[in-house]
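Asker: Sequence:
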Amino acid sequence: MEYSIENYANIKNIGLDFGEVEVGVTKIKSIKIVNQSSTPLILELYGSLPCSPGQDYIKAFNSKIEMIEELDISDNFTNYLRDTTGVVKSNPPAISLSWNFMDFGQMQTGSENYVKRTPQTVCLTNHNIFNLLVIWEKDVSKTFSIQPQEAKVRSNQSIIFEIRFDPAEENTFYSRELIARTFRLPCCETSFNDIEAIQTSTVPDYVSLRLIGHTYSYGLNDCIPQYEIPETVIMPACIPATPVYTTFMIKNFCQQPLMFCFVPPDTSHYSIKPMMGLIGHKQEHQVIAVQLFPEAESDRAYVERWAVRLNGNPEYEIYIDLQGFAEQASLVFGDVNTVTLDPVHIGCRHTQSIPVRNPTRHCVRFEYSSSDFPKELSVQEISGIIHPNETVLHDWTFAPDRLGDSNFEISCRLRTDMSSRSTAVKVDVTGKCAEGSLIAIPEELNFGERAYKEVCESEFKMFNFSPVTINFSLICRPSKPLEIMNEPENDIEISPICGSISPGRGEKIKIVLTPTQPGFYELNIQYYVRSHLTADTVIPLIEPQNLCTLHCMCYLPTIQVQDLLYRAETNKQVSKVSLWKSLCIDDFNIALTNLLPYQETSVEMTIPFVDLNENEKFLIKLLVKNTKPIKSTLSLKQQSTCLCNDQKRKSRPRTKSTSKNGCLYCVHDHSCSIFPTKMTLSPGETGILTIDISSDTLQPSGIFWDLKIGEERYINWNIKLENQIILSGNYLNFKQINLKRLYMRYQTAWIYNDKECEASYTVDIKNLVMMNKKHYGIIFTCLNPQGILKKYERQPIIFGFCPNRFGIFKTTVLIKVNDIASILNIEAESTCTAREIDIEHDNCPLSDTFTTPEIEVYFNHNCVIASPISTHGKLIKLVMVHNHHPQDVLQYTWKNCEIPELVKINVNPTCGLIQPQTLLTFMIEIDVGSYECCLDIDLFCDFINVSERRLAEKKKSEEEKMLCQLKNEFTITDKGILLPKKPIFEETKKPSTFCKTLTLKIHTYDSESADDRVELHYQLKNTPNEEIARKLTTSNKSISANAANMSTHIFESMIWDIINSSSFSKTLKENLNNVHDLKYSQLPVDIGRRKNQAERTELVPPKRHVQDVLHTMICMVVHEEFNFDTAHFSHPTDIRQISYQKTYMEEHHHHRRHSKKMFMNKSMQ
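Heads up: the sequence shown begins at 1 in full-length UniProt numbering, then just goes up one per residue.
Source of the hints: derived by calculation from the structure; they are not laboratory data. Keep in mind that the hints are not guaranteed to be accurate.
[Stated by the list, open to error] Simulated crosslink set (PhoX-like; lysine-lysine; CA at most 20 angstroms straight-line): (1) Lys895 <-> Lys877; (2) Lys461 <-> Lys508; (3) Lys954 <-> Lys990; (4) Lys955 <-> Lys982; (5) Lys678 <-> Lys625; (6) Lys142 <-> Lys116; (7) Lys955 <-> Lys989; (8) Lys989 <-> Lys954; (9) Lys766 <-> Lys810; (10) Lys877 <-> Lys1001; (11) Lys1001 <-> Lys581; (12) Lys637 <-> Lys708; (13) Lys1001 <-> Lys874; (14) Lys955 <-> Lys1001; (15) Lys631 <-> Lys678; (16) Lys766 <-> Lys816; (17) Lys981 <-> Lys956; (18) Lys678 <-> Lys637; (19) Lys508 <-> Lys637; (20) Lys581 <-> Lys766; (21) Lys453 <-> Lys510; (22) Lys631 <-> Lys453.
[Stated by the list, open to error] Pairwise CB distance ranges, derived in the manner of DEER restraints: (23) Lys755 <-> Thr893: 18 to 26 angstroms; (24) Pro230 <-> Ser420: 27 to 35 angstroms; (25) Met923 <-> Ile944: 21 to 29 angstroms; (26) Ile865 <-> Asn825: 21 to 29 angstroms; (27) Gln106 <-> Glu150: 30 to 38 angstroms.
Cβ atoms here follow ideal geometry from the backbone N, Cα and C, with glycine treated the same way.
All chains should be built: construct the whole structure from the sequences, respecting the hints.
Answerer: Right, dumping it as structure tokens:
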């Protein structure tokens, strides 16, 4: 028969011959090698030779074979070596032989040597509880025979069989394996027929007996054996008290058969099958099965040396070493089954790789005992297999929930595939839970001043000096809430943003900042402690900790209007302060500062007049400064859109921009021009923007300009030309008026007539009357609700407010000048406590901070804020005017101002000349009336270029003289009198004129409330008022010692400065020499006034006289100290004095130049 056996990808056929056997079932066991690289194959074959075979018998036979309990192929080696003896077994076989092999050695052939051939015996023992029938197979060649051939063996009985070796040929090797079939007999006696039925129907057990012998004489076998036998056989891994098996081969390379026989030591733990045999010259190899049965329960090595005798000749005896090691399943966890876990942060879990080593040659199956594991500890692999001499890493996760040390003992069950028995290994685990923190070096990163979207990089190093590993996650938060468009942390990129730092280690953190919003960045880099390296969740009970602070100042390219200058050829009733307000410079600066990228806003600027004379221009100079530490760029572009309806097509050169479509051009395109249209300023650099208003086609329409200041920021700049009848603005505010006061406080609204004829004005006080009726008293009043305005005249409308209750009062009045009307909004607030006068100051610079060649005259102050003045008081201010023209003389004319019962302002001198590059001083005398008020007054000074006027007059006189000469020159001809041709003269340039305005802010207060309304140092500066009070009002306000000492020091210093001046004695003598002969009794007054005057103190006239003397002295002291000219204060009566003054000024001009420039620069700052 043939069987197909699949081995990997190859299929090999093995041929098996089922020879002649006796009647009954036959079982054959054999071990075969498919190929030398594969595991030996043990075959267990069954066959049957019935007396009369049939299909029914064959089916019954197959079903019985399938039901055999002994058919166990899971442990073929155990079944194969079951009948082998030589080692002690705890479970002996059911049938055993005393010898499984028998070597007869060398025998002689022939009948004559029959007696010499001694038979040998073997004992068969029945270990079963039933009787057996033993039937030995017959050797057909009759070389080996056994007696008896058949025998019955009772339960637990033995029987002796005799075996003979009768060879028939000389010089021959003999080998035979006799097989005995054992059948189970019933308890009753059986006949012969019953025995035959048992043989044909029962699958027997088998016992084999291997026999060898030869007929060679020693020394006559000249054939040297050629073989291959391993010197050492290493057994597979085994455990104590569990057999292990292996195989090896004996190969025969000789042309003759090779007989082998193993000779064991006296005591052995090994079993070999077959112990002897014959390898024919056709059969190349013999598979030898080896069994090791380690008896001891402990780990032990089993090394034995066996002898192999070849061809029965002692000379051909070789040795083979059998080596084996029995050991229990074992694993080593960590350091000799002691595991020390790394310290873990409270609330975190740390996964640590624990080495587990298999020091044995077994494949060890492990399984942790889940009941031994605490809740703080977990293992990823509960069970598994570890191969021999392999070290694997197991992930243990330690998640403590309390601070301190933790000790655990866990158990792991171990077993191998060779045995179902398991052993336990105890592992000691130690863990620690602690808190930790991270620090950054440096703790602050200052990126400095950066431009918008300027990428800047920096880094810091983060260290962990705590005993635990910290899994961090970095975030960025502002240190305080910011009112900005976006979240500032979006501008920061942190790399790496998360990670883990072991104890004593550090990591470099890279910060990339791209500021996208202006302002100061103060950001905190904070870290969260994550529960695990790969987890996104953070520990909920731990707040983020500050790690590093970032500072950065982000700037957008921004400019600011710092100052303005203007030049009006005629009086346009504008001042620097009013022009600053009408141009909305503050709103413009706010828009420049607050405008963010990709935003657009509009700013309206109003020029407060419309009409200009022919060829007249109004010039405005804006000083712009780059206030940021980065470069700023601005560009201007005029839009072709006008607010007026007078738009028409105008022929222009064809360009790329105009050739595509027909654009509408307004006639007012050139009425307002701004230059330069592009400007780039470095940090701190200043530039000048010029706004030129011309008289060409000037109409009250708007001119639109697009202003781009970089980073996609746009301002729509609308410049409107608008005539305003209320010059002071459409808003009047009475701030915090004390309710205890029983008299009015006044303010003014200035109106203007821009026509060449007189105009009448009216104020509709209907709302004021209704407000007074509503509050049952005179709350608001208007002193001049109607009147006449002369041409180009301005006049104040006086409003008064006196509250009778707490609160805020709001109303409106309608003011009409001819047919033009405007609404004035009035707001007032009353308080219960007396508050000091708050001297407000506009954002407009008080002094000019830059100069331009187009503007010749500059004031040291364009706006004078006077200290609070008592009613009936007087104040003198000193103002300087500088002529910057390099060579022309200018004539000035001041216009004094007087508001009856409120204030009277005189400028001394009122008119005169200013030499080129010369500084003149002017005294402004402010006399306050009897009403308490808050006033903004503009003083106008007209200038004319005298040098240009003289040249024009000289040229005109020369032209007139030439015309007179031509009248007397004529020629008489035949045709008559021929007059000379009239010459054509060039047009005479008119002298340049312009107007400058000085603004005065005046606050007056009643003398009775001086202590409540005005601070002490203001009272000390004021001169005595003209009003005489009969009853002095006392005040509860006390003066501190420091204030008294300060006032004493001020008075003493003033007195010594006056006395030590060179002009003191001269001024004092001139004033004292004037004798006043007029007495009070000589005044032509009635009896009532005479009585009131008599009650006055006699010290009043000397007090006012001393005041004038002191003012004169102080003025002279100041001019003498700074070496100023004083000649212009005198009024010459003839031409000789003018010549003398001019000569005197030229002689001393070079001595005063340095002092004037120094003082002018100091005053302008």
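Asker: Against each hint, give a clear statement of whether it holds in the structure.
Answerer: Here is how each hint holds up against the structure:
1. Lys895 <-> Lys877: 16 angstroms, holds
2. Lys461 <-> Lys508: 4 angstroms, holds
3. Lys954 <-> Lys990: With Cα atoms ~12 angstroms apart, lysine 954 and lysine 990 stay inside 20 angstroms; holds.
4. Lys955 <-> Lys982: 16 angstroms, holds
5. Lys678 <-> Lys625: 14 angstroms, holds
6. Lys142 <-> Lys116: Cα-Cα ~18 angstroms, so holds.
7. Lys955 <-> Lys989: 10 angstroms, holds
8. Lys989 <-> Lys954: 12 angstroms, holds
9. Lys766 <-> Lys810: This hinted pair holds, its Cα atoms lying about 14 angstroms apart.
10. Lys877 <-> Lys1001: Holds: lysine 877 and lysine 1001 sit about 12 angstroms apart, inside 20 angstroms.
11. Lys1001 <-> Lys581: 15 angstroms, holds
12. Lys637 <-> Lys708: 9 angstroms, holds
13. Lys1001 <-> Lys874: 14 angstroms, holds
14. Lys955 <-> Lys1001: 45 angstroms, violated
15. Lys631 <-> Lys678: With a Cα-Cα distance of about 14 angstroms, the restraint between lysine 631 and lysine 678 holds, given a limit of 20 angstroms.
16. Lys766 <-> Lys816: With a Cα-Cα distance of about 14 angstroms, the restraint between lysine 766 and lysine 816 holds, given a limit of 20 angstroms.
17. Lys981 <-> Lys956: 19 angstroms, holds
18. Lys678 <-> Lys637: 9 angstroms, holds
19. Lys508 <-> Lys637: 50 angstroms, violated
20. Lys581 <-> Lys766: Violated - the C-alpha atoms of lysine 766 and lysine 581 are around 29 angstroms apart, more than 20 angstroms.
21. Lys453 <-> Lys510: 18 angstroms, holds
22. Lys631 <-> Lys453: 14 angstroms, holds
23. Lys755 <-> Thr893: 18 to 26 angstroms: For lysine 755 and threonine 893 the Cβ distance comes to about 23 angstroms; the hint holds.
24. Pro230 <-> Ser420: 27 to 35 angstroms: Given a distance of about 32 angstroms, which is inside 27 to 35 angstroms, the answer is holds.
25. Met923 <-> Ile944: 21 to 29 angstroms: 22 angstroms, holds
26. Ile865 <-> Asn825: 21 to 29 angstroms: At roughly 24 angstroms between Cβ atoms, asparagine 825 and isoleucine 865 fall inside 21 to 29 angstroms, so the hint holds.
27. Gln106 <-> Glu150: 30 to 38 angstroms: 31 angstroms, holds
When the structure is compared with the earlier hints, violations turn up for hints 14, 19 and 20 and for no others.
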